[in-house]
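Colleague: From first to last, the protein sequence lines are chains A and B.
First residue of the first sequence? That's 1 in the working numbering, and the numbers climb one at a time after it.
First residue of the second sequence? That's 1 in the working numbering, and the numbers climb one at a time after it.
None of these hints come from the bench; they were simulated from the model.
As the structure is a prediction and not an experimental result, all values here were calculated from the model.
A virtual CB, placed ideally from N, CA and C, is assigned to each residue, including glycine.
It cannot be assumed that every hint is accurate.
[Stated by the list, open to error] Covered stretches of chain B (chain A as the covering partner; in silico rule of three or more C-beta atoms under 8 Å from a C-beta of chain A):
#: 1; segment: 38–51
#: 2; segment: 63–71
#: 3; segment: 88–102
[Claimed, not checked] Take a look, some chain B residues computed to stay more than 12 Å from chain A by CB distance:
#: 4; residue: ALA9
#: 5; residue: ALA11
#: 6; residue: SER12
#: 7; residue: MET33
#: 8; residue: ALA59
#: 9; residue: VAL80
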Amino acid sequence: MVSPYFLLGIGLGLAFLLGLLGQKARKSSSILILVALFSFVGISFSWLWQFLQENASVTQFFSAGFKPPFSIALQVGLHEAVLTSMINVMGLFSFVSLWRNMKDGNEKLGPILLILFMGLNMLVLTRDIFNVFVFLEITAIALGGLILFDEKKHARSAGFKYLIASALISTIYLLGAVLIYFSNGSLYLDDVMALNNMSPMAIVAVFLLILSLVLELKPFPANGWALDVYQGANPAIGAIVSAAIGSTMLFLLYKLMGMAAFMQEFLIAVGLISFIASNLLALVQKNANRLLGYSSIGQIGLIISIIGLKDILGDQFLFVAFMILITHFLAKAGLFWLSAMLKSDELKAWSVFRKKSVLLVLFGIFIFALIGFPPFPSFYGKWTLIINLAETHNYYLIAAILIGSFLEAIYLFRWLGYAIKVDFTEYDEVKINWEKLIPVLTFGALLLASGLYMAHLMPGIEDITLWPLLFILAIYLLDFLPAYIKNTISIAALAYFSFIILPPYYEKDLLRFIFLGIFAIGGILTLIAGYAYKGKRRGFYPVALLMYAGLIVLIQAETTLSFFFGWEIMTAGSYFLIIRGKRSMEHGLSYMLFSIGGAYAILAGLGLTFAQTHNIDILSLASVTVHAKLIFLLLAVGFLTKTAALGLHIWLPGAHAEAESDVSPMVSAILLKAGVFGLFILMIAMGKNPEVASIAYILGWVGALTALVGNLAAAFQEDAKRLLAYSSIAQLGYILFALAMMSHLGWMTAMVYSLNHFMYKAILFLTIGAVVLRVGTHSMYKMGGLIQRMPLAFIAVLVGIIALSGVPPLSGFAGKWFFYNAVLEKGWYFQGAIVFFSGIVAFLYLFKLIYSVFLGQLKDNLRQVKDISIWFAIPIYVLILGIMFFSAKPEWVLQPLSDMLTQWYPNTSLSFDGLYINSNFGYWSGTGVMITIMIMFIVLLLWLWILSRKVVKVKQFNIVYSAEAPQRPETTHVSYNIFAGYYKALGWIVAPKISELWNKISDFVVSVAHFGRMIYTGNGQTYLVHILAFIVVTFLWFLN
Amino acid sequence: MLLSIENIALASGILLILIGLLGALTNKNIIRMIVAFSIFDTGVNILIVTFGYMPGRTAPIIDGAKVTAQNIAQVAIDPVPQALVLTAIVIGFGVTALMLVFALKMHEKRKSLDINDYTDLKW
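Here chain A stands alone, though its shape is the one from the complex (with noise of 0.2 Å):
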């Protein structure tokens, strides 16, 4: 094995050298110094190496042959090889960032450069105390002095700030150590760690020592310095203060955790502290620099916890501290470089990356991997964690955690709204240099396949979930081709994808076939529609795919942990497609946030689940015993966060109606029935336990007035795509209502209001779309007439709004059928009460949809409007056959239900019977009433036909209105608030109290954190009182 002595030698050679040589070696000094960094590279690799691929042991170095505490022992084992692997491919990047900086005359921070990750690696080897001293000095000044060659404009006083704050912290280590000495006579690590008992001296020296770690791990509030620096100072300097010193100190404070057990309630305290409030002062930062500083502080603050947690994790302890260690030293590096890219340090800056899109999605990337999404290193690591929480009872530190990386998320993806949607004109371009890129890209690459490596290796997570994240990648690679292109390249993975999986599942699990079937086929359609954009529309398959991948994977889940990876792929694929749409950016992120606070309760849900069960077998759902209802409630929540029942509902009408044309039928005919199969899995599960009985009631009466509130909402409406989606909402919650009834004909309620849903909702939204294109408007009353324009269109709305309203023939009849069946049976008449006045309001917004679109007076500006594109008009039309074929033929698709509902709910009174389908109160026969009304509709069209020859045809203005012959077709074609009276009546329950309350708290939060972070005054005495203050509490708190 190489000895470590190599890497002071190398350090410390070079740098006096360089000195001595003076202004000759100036020129070459730049190569010697890369050369110099690269050993270190290759000599902790070396180490790596040979623990991953020969099993070395580990070793310990002694300095001059001495025995310890006559010498200093350096220590070389896996972990430290990992950890200087870490720090040196981090030094020789930083290297390569500063690269200009250092050709512009200032060749001495090469040298200040070399000793200060010299330093990092022996802090990270060391075994001796006092040496521990000597190299945080030592990377200290080092700092100081890159700091001190940094032009920025306020670096200087941000560095003077560092030194005195450091100073202080540095001087209680100095005491801690030297006291360590006089209590036992030995500075070496392992010697103190195999003291029995501390005498009180030593407790006190090692108090001493954690605490001045601690500091140099910016605790709240004792942090103001490290925050100015991270503002201050170049943002490649801030990458290598929160990347490499940070996991440097967070492992010098595992290793001398080892002496300190009785400190780990201590760091868990701070740490957790230090995530929540730097999260949450974080809100209201607009310096970007400065908010990747609260953000690495609250990360770091995670780990400070997580090591404090090492006796409760158990053998989990190493995996979850180096996957949350890991995504932080790759994502925040590499968010500080891309910021070093940018002139301005405004966070709306970002959006100039749109550009250059490569860097786009690489500030993507590091987003989604600090929140925790998969398939990212700390998705692995939160969810370990959360088991591993709730397994040993600790619920109030599941919340707080959960708490800290929901505040994480609302300023993280604030931000990437920013840069993906604000107006970049303003700022000056980014530039991009080699030096700049290569870092970045490399990081980034390094996040993403340590991700997919880690999914690999993961128990639970099936092979196969990686392979559409693959292809999604290749897709994103073929970027620069025409969008007809990856159409049909999507088009076909989807096919091929769904082919492969789903015919299987008609035998095994009918469920799950016709979820997947909605999913697969559904996408397959919306994609046709795709063939509508003209260019590259660039970005949008590799999201789109993102979201039906996340689908798939949902289904195919057999564990709890990829249900809840599918989930959040699905997640993160649907907030790309969400906010495309033009004014989408605040919708976006409302989505965005109700999904991860979803997320988090099902994640909650889910830990609590296998705390019991000790499985993550999904269908241990059912072996529940202890706080059912807890866990119920808390997955309840989360799937509801996705179908917008009342009170979560407000991102979805601003989230369907912005998105793009093809874009509001996936997330609303499709992405919403993701929802609906979390809560079927759920109530399968769970439904039988006697506790959740009462919360199924809520339920129900969440879903009934769901139902009534979104349908009436949507009668008040003017934009017709904000129509489709209250409309949404309120069919949500019929599923919802019935769902909650808990038996047969409930569930078979809700299973045809799944399926029709998917159908009239894709119907309606693409084709109303479709028009959106061709008109350019939302507004209904700015449209009007357009039967005469587009008959094709009129044709699909008419078909989408007959079954939708549930009258016969079409299939929404069913539903009802069901409904009325259900509710008569589980005798919920108040309820079902609601649910019927609501389907009562839905004909006012129905009759809105297409007496203001299609009926009345065509417009002066759209008389020359062409019908809807063919390529939207052809899945419509599938659409159409797929509704009609269900209508008439409807105990094909029911009876197979029926069959597999009764595994559940074995006693039912329905029967089918030949065409006829009979329960307790009465028959229905689908293709009776389709053969009926077909042939009364034909007798009539026939009549009407007859006397229509006899019709007079006559130009639009052929009338008198008023006393007055109308010019415009706007006076004789009303359709604006045309429920006016209605409104004056009932408007009062749609009224936005809701929105209203969680404004009232998103503004109280905001004022908290506004108030808050004036602790931060700027004047570095003041953070010297908070050091000092941070001292004092600490030690009384020991104290006691």
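Got chain A; can you put chain B on it based on the hints?
Modeller: Just chain B, lined up with the frame of chain A:
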């Protein structure tokens, strides 16, 4: 004995630490703050030396007469604390020098040494 050399050293060490801290917190002038930090460092160093003081012992140099390889542990003092202090002094020198350079550079730019003038970065 109250006025023994250990007690005097101990008291002066603690006193210097307190003076240093107070100085660093109350002086607005950056140079004065740096001086205060030096005093603080000195106090800490005196404290460490005091802890390592062993009355009546001699220097740990094996001269063959008074100190031999056999009795060194009984008659000579432990040199490690002093070695540690020496290191700490050297490092303290480095840190002080760097702080002064920072003060110089800050003054160059803004012609002010008042710490209150450097609060542009905050919140």
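Colleague: For each hint, tell me whether it holds in the structure or not.
Modeller: Do the hints match the structure? See the list:
1. 38–51: holds (count 6)
2. 63–71: violated (count 0)
3. 88–102: Coverage by chain A holds here, the residue count being 8 at a Cβ distance below 8 Å.
4. ALA9: 14 Å, holds
5. ALA11: B:ALA11 is indeed farther than 12 Å from all Cβ atoms of chain A, at 17 Å.
6. SER12: Holds, since 16 Å exceeds 12 Å.
7. MET33: 7 Å, violated
8. ALA59: 18 Å, holds
9. VAL80: 6 Å, violated
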